[in-house]
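Trainee: The lines below spell out each chain.
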Amino acid sequence: MATLARLQARSGFIENQYYFRNSVVDELRNKEHYAAVKIQSWFRGCRVRAYIRYLNRVAIIIQKWWRGYLSRKVYRLTVEVAYYTMKMDLYNAMAVRIQKRWRGYKVRKYCFNYFCFKEYLRAVSEANDTIREVLQEFAEIQESEEKKAELERKEQKREMEARKMHYLLSTKQISGIYNSPFRREPDPRELQLRKAKPLAPQRRRVMQKPSVGLTDWLACTSARSFPRSDILPPINRKPCQGPFRNINEVLEQRYKPLEPTLRATHSVDGLQQARKELRKQEWVHNISDKMFLPFSSHHKKEEYIPSVFSTSKYDPSSCRKQDFRSENPQKWICDKDFQTVFSSFDLFSKYGKSYSKAGEIV
Amino acid sequence: MSQRQVLQGLEEYQKARLQFVQTVAEQATRPQNIETLQNAGVISLLRPLLLDVVPTIQQTAALALGRLANYSDDLADAVVKGDILPQLVYSLAEQNRFYKKAAAFVLRAVGKHSPQRAQAIVDCGALDALVICLEDFDPGVKEAAAWALGCVSRHNAELSQAVVDAGAVPLLVLCIQEPEIALKRIAASALSDISKHSPELAQTVVDAGAIAHLAQMILNPDAKLKQQVLSALSQIAKHSVDLAEMVVEAEIFPVVLTCLKDKDEYVKKNACTLIREIAKHTPELSQLIVNTGGVAAVTDCIGTCKGNTRLPGIMMLGYVAAHSENLAMAVIISKGVPQLSICLSEEPEDHIKAAAAWALGQIGRHTSEHARAVAVTNTLPVLLSLYMSTERSEDLQMKCKKAIKSILQKCTYLPALEPFLYDAPPNILKHVLGQFSKVLPHDSEARRLFVTSGGLRKVQEIQAEPGSLLQDYINSINNCYPEEVVRYYSPGYSDTLLQRVDNYQPVID
Numbered sequence: 001m002a003t004l005a006r007l008q009a010r011s012g013f014i015e016n017q018y019y020f021r022n023s024v025v026d027e028l029r030n031k032e033h034y035a036a037v038k039i040q041s042w043f044r045g046c047r048v049r050a051y052i053r054y055l056n057r058v059a060i061i062i063q064k065w066w067r068g069y070l071s072r073k074v075y076r077l078t079v080e081v082a083y084y085t086m087k088m089d090l091y092n093a094m095a096v097r098i099q100k101r102w103r104g105y106k107v108r109k110y111c112f113n114y115f116c117f118k119e120y121l122r123a124v125s126e127a128n129d130t131i132r133e134v135l136q137e138f139a140e141i142q143e144s145e146e147k148k149a150e151l152e153r154k155e156q157k158r159e160m161e162a163r164k165m166h167y168l169l170s171t172k173q174i175s176g177i178y179n180s181p182f183r184r185e186p187d188p189r190e191l192q193l194r195k196a197k198p199l200a201p202q203r204r205r206v207m208q209k210p211s212v213g214l215t216d217w218l219a220c221t222s223a224r225s226f227p228r229s230d231i232l233p234p235i236n237r238k239p240c241q242g243p244f245r246n247i248n249e250v251l252e253q254r255y256k257p258l259e260p261t262l263r264a265t266h267s268v269d270g271l272q273q274a275r276k277e278l279r280k281q282e283w284v285h286n287i288s289d290k291m292f293l294p295f296s297s298h299h300k301k302e303e304y305i306p307s308v309f310s311t312s313k314y315d316p317s318s319c320r321k322q323d324f325r326s327e328n329p330q331k332w333i334c335d336k337d338f339q340t341v342f343s344s345f346d347l348f349s350k351y352g353k354s355y356s357k358a359g360e361i362v
Numbered sequence: 001m002s003q004r005q006v007l008q009g010l011e012e013y014q015k016a017r018l019q020f021v022q023t024v025a026e027q028a029t030r031p032q033n034i035e036t037l038q039n040a041g042v043i044s045l046l047r048p049l050l051l052d053v054v055p056t057i058q059q060t061a062a063l064a065l066g067r068l069a070n071y072s073d074d075l076a077d078a079v080v081k082g083d084i085l086p087q088l089v090y091s092l093a094e095q096n097r098f099y100k101k102a103a104a105f106v107l108r109a110v111g112k113h114s115p116q117r118a119q120a121i122v123d124c125g126a127l128d129a130l131v132i133c134l135e136d137f138d139p140g141v142k143e144a145a146a147w148a149l150g151c152v153s154r155h156n157a158e159l160s161q162a163v164v165d166a167g168a169v170p171l172l173v174l175c176i177q178e179p180e181i182a183l184k185r186i187a188a189s190a191l192s193d194i195s196k197h198s199p200e201l202a203q204t205v206v207d208a209g210a211i212a213h214l215a216q217m218i219l220n221p222d223a224k225l226k227q228q229v230l231s232a233l234s235q236i237a238k239h240s241v242d243l244a245e246m247v248v249e250a251e252i253f254p255v256v257l258t259c260l261k262d263k264d265e266y267v268k269k270n271a272c273t274l275i276r277e278i279a280k281h282t283p284e285l286s287q288l289i290v291n292t293g294g295v296a297a298v299t300d301c302i303g304t305c306k307g308n309t310r311l312p313g314i315m316m317l318g319y320v321a322a323h324s325e326n327l328a329m330a331v332i333i334s335k336g337v338p339q340l341s342i343c344l345s346e347e348p349e350d351h352i353k354a355a356a357a358w359a360l361g362q363i364g365r366h367t368s369e370h371a372r373a374v375a376v377t378n379t380l381p382v383l384l385s386l387y388m389s390t391e392r393s394e395d396l397q398m399k400c401k402k403a404i405k406s407i408l409q410k411c412t413y414l415p416a417l418e419p420f421l422y423d424a425p426p427n428i429l430k431h432v433l434g435q436f437s438k439v440l441p442h443d444s445e446a447r448r449l450f451v452t453s454g455g456l457r458k459v460q461e462i463q464a465e466p467g468s469l470l471q472d473y474i475n476s477i478n479n480c481y482p483e484e485v486v487r488y489y490s491p492g493y494s495d496t497l498l499q500r501v502d503n504y505q506p507v508i509d
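Chains as they are written, first to last, in this note's numbering: chain D, 1 to 362; chain H, 1 to 509.
Think of the hints as simulated: they come from the structure by calculation, not from any bench. A portion of the hints provided could be inaccurate.
As the list claims (entries may be wrong) - Some chain H residues near chain D, calculated using beta-carbon distances under 10 Å:
{"id": "1", "residue": "N326"}
{"id": "2", "residue": "M329"}
{"id": "3", "residue": "A330"}
{"id": "4", "residue": "I333"}
{"id": "5", "residue": "K335"}
As the list claims (entries may be wrong) - SDA-like mimics (lysine to any residue), calculated; alpha carbons at most 20 Å apart, straight line:
{"id": "6", "chain 1": "D", "residue 1": "K118", "chain 2": "H", "residue 2": "F20"}
{"id": "7", "chain 1": "H", "residue 1": "K335", "chain 2": "D", "residue 2": "K276"}
{"id": "8", "chain 1": "H", "residue 1": "K263", "chain 2": "D", "residue 2": "Q136"}
{"id": "9", "chain 1": "D", "residue 1": "K118", "chain 2": "H", "residue 2": "K263"}
{"id": "10", "chain 1": "D", "residue 1": "K118", "chain 2": "H", "residue 2": "H366"}
{"id": "11", "chain 1": "H", "residue 1": "K402", "chain 2": "H", "residue 2": "G454"}
{"id": "12", "chain 1": "H", "residue 1": "K263", "chain 2": "D", "residue 2": "E140"}
{"id": "13", "chain 1": "D", "residue 1": "K280", "chain 2": "H", "residue 2": "P199"}
{"id": "14", "chain 1": "D", "residue 1": "K109", "chain 2": "H", "residue 2": "N326"}
{"id": "15", "chain 1": "D", "residue 1": "K118", "chain 2": "H", "residue 2": "K15"}
{"id": "16", "chain 1": "H", "residue 1": "K438", "chain 2": "H", "residue 2": "S393"}
{"id": "17", "chain 1": "D", "residue 1": "K147", "chain 2": "H", "residue 2": "K15"}
{"id": "18", "chain 1": "H", "residue 1": "K263", "chain 2": "D", "residue 2": "A82"}
{"id": "19", "chain 1": "H", "residue 1": "K401", "chain 2": "H", "residue 2": "D443"}
{"id": "20", "chain 1": "D", "residue 1": "K118", "chain 2": "H", "residue 2": "Q287"}
{"id": "21", "chain 1": "D", "residue 1": "K118", "chain 2": "H", "residue 2": "L288"}
{"id": "22", "chain 1": "D", "residue 1": "K276", "chain 2": "H", "residue 2": "F20"}
{"id": "23", "chain 1": "H", "residue 1": "K15", "chain 2": "D", "residue 2": "Q281"}
{"id": "24", "chain 1": "H", "residue 1": "K306", "chain 2": "D", "residue 2": "A139"}
{"id": "25", "chain 1": "H", "residue 1": "K263", "chain 2": "D", "residue 2": "L151"}
{"id": "26", "chain 1": "H", "residue 1": "K224", "chain 2": "D", "residue 2": "L258"}
{"id": "27", "chain 1": "D", "residue 1": "K118", "chain 2": "H", "residue 2": "E325"}
{"id": "28", "chain 1": "H", "residue 1": "K263", "chain 2": "D", "residue 2": "Q281"}
{"id": "29", "chain 1": "D", "residue 1": "K118", "chain 2": "H", "residue 2": "S368"}
{"id": "30", "chain 1": "H", "residue 1": "K263", "chain 2": "D", "residue 2": "E137"}
Built from N, CA and C at the ideal position, the CB exists for glycine as well.
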């Protein structure tokens, strides 16, 4: 109990003490609390940082290894590629060298062979030269042929002329114009004339009148519808034995074309017809149908004075009527003028043409 | 009235008719009478006479109509409108040969003027009758019919096709084998007219076997026949490679080259045309011509003739040279270039000059060797002057420009280029400087010559826009020379030197 009493006695003190102490503690508690927090936070921070540092260190180690691994891998690859590239470059260079050589060789040999080209050009120029020569020759031949033909034509013409002029040939008695007696030698033309054969006297062709009569076309005899060839005498007849005439003469007589007399071939009024035709032609060519008339008629008053030289006392107009016709018109049968008619002269038209020589006078 | 009097009346009527048609036929030969005759309505008067009982009157009436229709297109039209053609065609089959000839003459005279008239002839069915006439015995009738067919087919492809469909081609080919020269001539010309329009028609002619017979006649002495034969062959060969090869296979080379020496101008021209038509197709055909010496022959031929006769030869050289550089070289060594430059400077007509310029361009465009060969003949200044002259045709100027351009782009022969520095327009100067800028860096001799001949000074005087192609070329030329040299030749250099003298302060001790 005593303790109790002591305690009770001390209780006031204790109470004070308690309060005092408690209040002190309360005062310090906040401070201490903050300090403790600070210390703890610092410590914890340190610990965490250390841990993070640790983690970082470890991560770096991992990364280092990993990266090293990766880059070693890449490095190996790169080296391989670089090596490969280098190798390929070398190969390519070598290939280019080979190709260069080969291509040069091929082109020089097959594509553009300089010697071949030269050869080609030479061949071409040779071909050109030959063709030029050949063509030149050809042209010359042509020209000479033409010249020859021209000469021949001239020669023929000269010969024909000589034949036509054969009558100028000199005879023994009379020297012709080309054979002057005052010269030593005859003219060359004379020699030519001697060589030439005289032209056979040309028969006058009977002119066929191109008239188309009504009967002509019915019988188809007109020259326009069907051409007819002249009858040719047979060739290669052997001469007959005996006292016969020359076969050519006989044949000529046999196949002689019909030679009607002038009287038969020409119409009676041919002259008048020709005049009419002429007048018609003139009319066609006339520009104006009206006659040209002089201005005045004073010239009519003057008498026509004939020239002294052209006058004669025989009046030409009177001769026909008065001399050849009866003067008494009562006795005329018709009152028209006589028509001039050309009669043929048998002696001349037949001269030299008759078959028999019996009746020849000259 | 006796029978004799009746007959006399008839006879007089007949004589009058005959005299009428003969007078008209005779008067129709003079051009000054034609209008009077036309105004007098002579066509309607002649029409009934075509059906006359007397053959002579019929023929003469047809002859008169033919002469009238021959004169002008209007009269031909009048003949067509007058319904005369059916009559002619009707009687073409039945009458004698003289009438056939006259009727074919009318058809020819009508058909030659225009495609419409020719179509009218086709429409009235004349072609069949004409083809039958081609089988006649008389060469005169054949000739007239072939001529009429040729005149019809001349105009266009449809008419030619109509002629071919009528079966004329085999008969025409038979006609060229006849002995008569005139008939051969006309038949060859008809074949030429038929085959000129299209490859198919030409193929028809070839299928009928015309080429062999035509090729045989090249050596015929008759000049007009040769003209027609060569023209027919060239019309066949012009269409395609196959046809040209067929013509070549008939062994026309080197026979055709003899025609180039002929006296007749048209034979020469047609021979050149034939060679040109063959050469233009392929390099192989051109090579064949070169190998037979055709280029030399054509070159000689160009030298011996004048004017339009030269044109096909010039074009032939151009075509051959255009194919490949070897062929162009062959033209050069055949002495084609001097001949062409003579043509270029001598010929008065623009189209021939243009052809020569084109041919020269084709020769010079291959390599520098070719360009040099063209340049040494002193052709470039001529081309330039033609290009610059104002009175020349536009076509010629274009061709000259192209030729100059293509030659310059290959030319490394500097002496020929130098004159261009002085008188060429900028668009050509560009190419000239381009060539200089390519050659000078590699050739020291040329560099030296370029300076001494005053080319460098001229280059410095050229005003070029900065950044243009011309400026690039000038720069690259300048880079070939030391800077002092370039500056020395620049215009106004002496002024700058004087200025420097003025500004210079001498150092005085």
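Trainee: A separate judgement is required for each hint: does it hold in the structure or not?
Mentor: Hint check:
{"no.": "1", "hint": "N326", "result": "holds (7 Å)"}
{"no.": "2", "hint": "M329", "result": "holds (6 Å)"}
{"no.": "3", "hint": "A330", "result": "holds (5 Å)"}
{"no.": "4", "hint": "I333", "result": "holds (5 Å)"}
{"no.": "5", "hint": "K335", "result": "holds (8 Å)"}
{"no.": "6", "hint": "K118(D) with F20(H)", "result": "violated (77 Å)"}
{"no.": "7", "hint": "K335(H) with K276(D)", "result": "violated (73 Å)"}
{"no.": "8", "hint": "K263(H) with Q136(D)", "result": "holds (13 Å)"}
{"no.": "9", "hint": "K118(D) with K263(H)", "result": "violated (36 Å)"}
{"no.": "10", "hint": "K118(D) with H366(H)", "result": "holds (17 Å)"}
{"no.": "11", "hint": "K402(H) with G454(H)", "result": "violated (28 Å)"}
{"no.": "12", "hint": "K263(H) with E140(D)", "result": "holds (12 Å)"}
{"no.": "13", "hint": "K280(D) with P199(H)", "result": "violated (60 Å)"}
{"no.": "14", "hint": "K109(D) with N326(H)", "result": "holds (16 Å)"}
{"no.": "15", "hint": "K118(D) with K15(H)", "result": "violated (82 Å)"}
{"no.": "16", "hint": "K438(H) with S393(H)", "result": "violated (34 Å)"}
{"no.": "17", "hint": "K147(D) with K15(H)", "result": "violated (51 Å)"}
{"no.": "18", "hint": "K263(H) with A82(D)", "result": "violated (81 Å)"}
{"no.": "19", "hint": "K401(H) with D443(H)", "result": "violated (28 Å)"}
{"no.": "20", "hint": "K118(D) with Q287(H)", "result": "holds (16 Å)"}
{"no.": "21", "hint": "K118(D) with L288(H)", "result": "holds (18 Å)"}
{"no.": "22", "hint": "K276(D) with F20(H)", "result": "holds (18 Å)"}
{"no.": "23", "hint": "K15(H) with Q281(D)", "result": "holds (19 Å)"}
{"no.": "24", "hint": "K306(H) with A139(D)", "result": "holds (19 Å)"}
{"no.": "25", "hint": "K263(H) with L151(D)", "result": "holds (19 Å)"}
{"no.": "26", "hint": "K224(H) with L258(D)", "result": "violated (44 Å)"}
{"no.": "27", "hint": "K118(D) with E325(H)", "result": "holds (13 Å)"}
{"no.": "28", "hint": "K263(H) with Q281(D)", "result": "violated (45 Å)"}
{"no.": "29", "hint": "K118(D) with S368(H)", "result": "holds (17 Å)"}
{"no.": "30", "hint": "K263(H) with E137(D)", "result": "holds (14 Å)"}
Checked against the numbered hints given earlier, this structure breaks hints 6, 7, 9, 11, 13, 15, 16, 17, 18, 19, 26 and 28; the rest are met.
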